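A.B. asks: Listed below are the residues making up each chain.
There are 2 protein chains.
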Amino acid sequence: MTDANWLYENFDTAGSAIGFRVNKKLDEVQSPFQKIEIYESTDWGNVMLIDGAMMVTTRDNFLYHEMMSHPALFTHAAPKTVVIIGGGDCGTLREVLRHPGVEKAVQCDIDEQVTRMAEKYFPELCESNGDARAEILFDDGIAYMANCAPGSVDIVIVDSTDPVGPAEGLFNKAFFESCHRALKDDGILVQQSESPLVLLDLIKAMRAEMGKAGFTTFQTLPFPQPCYPTGWWSCTLARKGQGFDFREADARAKPFETLYYTADIHKGAQSLPPFVAKALGEG
Amino acid sequence: MTDANWLYENFDTAGSAIGFRVNKKLDEVQSPFQKIEIYESTDWGNVMLIDGAMMVTTRDNFLYHEMMSHPALFTHAAPKTVVIIGGGDCGTLREVLRHPGVEKAVQCDIDEQVTRMAEKYFPELCESNGDARAEILFDDGIAYMANCAPGSVDIVIVDSTDPVGPAEGLFNKAFFESCHRALKDDGILVQQSESPLVLLDLIKAMRAEMGKAGFTTFQTLPFPQPCYPTGWWSCTLARKGQGFDFREADARAKPFETLYYTADIHKGAQSLPPFVAKALGEG
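Order-wise, the sequence lines are chains V and P.
The first sequence begins at 1 in the UniProt record's numbering and counts up by one.
The second sequence begins at 1 in the UniProt record's numbering and counts up by one.
Looking at chain V on its own, in the form it has when it is part of the complex (with noise of 0.2 Å):
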């Protein structure tokens, strides 16, 4: 809903919402899976909303695009074969293909509207698009996975939008057994999987379907997000069994930049709130 140039999105789970003050709307399309809005705010930059909740600004996304990829990235001892589901927006494929031992990233997003507005709206999201590794396929993700030869993946990122409309189908048991048997026995599979305050319920439901396809050691990071009900957010890793130790010393010495992740970012969300810790059955 908007008031005046305030836009808000009203989020009824938790009962709280968030709003940005915005000069005008710049573009508006009903896709055949939902309706895709992009408003000129005055402080964040472009915003992008699907069916009403908002899902990037230019200020602010880079705390999600980099808290998806690069743990996991960094986790994982030599990922070479990268799948994201979802994230039509192409921010994590941009931050997937900053490692150089990456060889290739598909991205499989079944709205290709919403890489045409990223590309319109939100270019620097996009500036890798055009590198050979990278596969953009506009696609049904749960089909993709299913398809996936087994073992031919050493990272599957699963950059939804909440698990309502088109996304429900990428948190349950049958999806992540997809990912389980598509992933190489080192392998890792990373779902967005919202606020740790409100939302903690959803992340326990999540990690028991993905034991329930055979995931049997997890991990919930948390990290700011101010576009997301609560401003704050958190990915959870999930693996075969192997741990989540991560490669310090390549996260200190990265070929590239960051804004937010650095190695003690890492090991700082490792380190989990108690309430939450206690909820998840680690405290």
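These are calculated hints, taken from the structure and not from any lab test.
Note that this is a predicted model, so its numbers are computed, not measured.
Every residue, glycine too, gets a C-beta built ideally from N, C-alpha and C.
It is possible that some hints are incorrect.
Stated by the list, open to error - Selected chain V positions facing chain P (Cβ under 10 Å, derived; list incomplete):
1) Leu7
2) Ala17
3) Arg21
4) Lys24
5) Asp43
6) Asn46
7) Thr58
8) Asp60
9) Leu63
10) Cys148
11) Pro150
12) Pro196
13) Pro224
14) Trp232
15) Val276
16) Glu282
Given chain V, work out where chain P should sit, using these hints.
C.D. replies: Same frame as chain V, now just chain P:
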């Protein structure tokens, strides 16, 4: 402003907004200093607003109160005398008094009505108000610090509202000079320092004023705080030359429970994201 049963705070400085779904307004008082309102929310317990700005919710205040107190108290070698300027909701006082070594904690808030409202709607924050070590004053914090005996205080915590209105005088050189004089040589000043994403200029300006007042070493610690603009907040510690290594073993063995603060969270917060470190000249 409110829309049906949603209550928003439009934060003009950063062009962002925070909101909560509420059932009803429980109370309202216009004190000589400010308007205090209490709402019952659907998911966040009670919410206190001062002059339209979200101050405290039942659900998430632990983040702020723990981070305003424990990092400083575990950084000081043996804090005995603590002064809290502002902090009328008494939540910071409660956390300070969890430290058995503290012999005296003075809370000086200019507005008695804040404490009266907290006693009624946030009684859990006031549960240590009867502690024999607590002294609760309703007076001008600027005058209190100016009149403090030199070298008499171990830690000053400035738990204030934003630097407009009654709290404006708590962010400048004159006030920080009073704090500097009142603090012992190994003392620590703690100031809530707003959002590390959108208010870096304020943090820099505040550090500059602290510097003019004689403080020479600084540490800004970010933490999540959903009810404040952007959901990402910070406190800044200032000292007279000493560093910020903390009593890690004591923090690990602390004789009280916390929901957010741990020694590892403290260490994690000490590692600033590169964009913050760079802006503060620590990169």
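A.B. asks: Where does the structure disagree with the numbered hints, that is, which hint numbers, in rising order?
C.D. replies: 4, 6, 7, 10, 11 and 16
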